[in-house]
Amino acid sequence: GAGVSQSPSNKVTEKGKDVELRCDPISGHTALYWYRQSLGQGLEFLIYFQGNSAPDKSGLPSDRFSAERTGGSVSTLTIQRTQQEDSAVYLCASSPEAANTEAFFGQGTRLTVV
Amino acid sequence: AQKVTQAQTEISVVEKEDVTLDCVYETRDTTYYLFWYKQPPSGELVFLIRRNSFDEQNEISGRYSWNFQKSTSSFNFTITASQVVDSAVYFCALSEARGFKTIFGAGTRLFVKA
Chain A
269 GAGVSQSPSN
279 KVTEKGKDVE
289 LRCDPISGHT
299 ALYWYRQSLG
309 QGLEFLIYFQ
319 GNSAPDKSGL
329 PSDRFSAERT
339 GGSVSTLTIQ
349 RTQQEDSAVY
359 LCASSPEAAN
369 TEAFFGQGTR
379 LTVV
Chain B
191 AQKVTQAQTE
201 ISVVEKEDVT
211 LDCVYETRDT
221 TYYLFWYKQP
231 PSGELVFLIR
241 RNSFDEQNEI
251 SGRYSWNFQK
261 STSSFNFTIT
271 ASQVVDSAVY
281 FCALSEARGF
291 KTIFGAGTRL
301 FVKA
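Here the protein sequences come in this chain order: A and B.
The first sequence runs 269 to 382 under this note's numbering.
The second sequence runs 191 to 304 under this note's numbering.
Bear in mind the hints are in silico, worked out from the structure with no lab data behind them.
Heads up, the beta-carbon is just placed ideally off N, CA and C, and yes, glycines get one too.
Be aware that a few hints might be false.
Sample of chain B residues at the chain A side, in silico, Cβ under 10 Å [what the hints assert, rightly or not]:
(1) Y227
(2) L235
(3) A283
Chain A regions said to be covered by chain B (calculated; three or more residues, Cβ under 8 Å) [unchecked claim]:
(4) 315 to 329
(5) 371 to 379
All chains, please: the whole structure from these sequences, using the hints.
Here it is, written out as structure tokens:
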């Protein structure tokens, strides 16, 4: 596709369940980022992938959060044993090179934990 | 540590007014990059500008202009003759050249009334 695609666009889950959020970056983009945006808040950095390098996981809020990127393309963010405070919009972005270039964002996945 | 502060949470103006969105940043690096993004009601962030720390020239793009001042660690954004379509949340962001994490401010919500 022409842009960054995220699925699902909306997800409602029960507290304690695991969820997987998917991101399809722009073809050829080597860098991929996940951010979290809570209601009315800024963007909180979660994790960054660059090519085959080890990801920068420094923003993951707890060990319930993990992410992988297969084949340097699609990425999945997994949240285990979801809590209500995990409710937010999860944004994925990709860029052609490193973080100091323009990032292209998807429309996000709105996660609601009930 | 990196930090981006957007002190204005919400701004409301009437169409055709000029408006300036403030951004103050903190970094210990001498090489870094600053960004502005727009998040319209649809939710997808749109890149507006990138500026590196060695280029303090102000930039103008149509009704948009940016004032970068290293002496005050500020990167302010002005919209001239605002329009209703400018209504959005605007984020300022900072990326250090040696790392890959881009830090965003909390955003400023701009309302432009007809």
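Hints versus structure:
Among the interface hints, the one on Y227/B holds; its C-beta lies about 8 Å from the nearest C-beta in chain A, closer than the 10 Å criterion. With its C-beta approaching chain A no nearer than about 4 Å, L235/B sits inside the 10 Å limit, and its interface hint holds. For A283/B, the shortest C-beta to C-beta distance to chain A is roughly 8 Å, which falls under 10 Å, so the interface hint holds. Given a C-beta distance limit of less than 8 Å, the hint that chain B covers the segment 315 to 329 of chain A holds, as 5 residues qualify and 3 suffice.
Proximity of the segment 371 to 379 of chain A to chain B, defined as three or more residues with a beta carbon under 8 Å from a beta carbon of that chain, is established by the 6 residues found.
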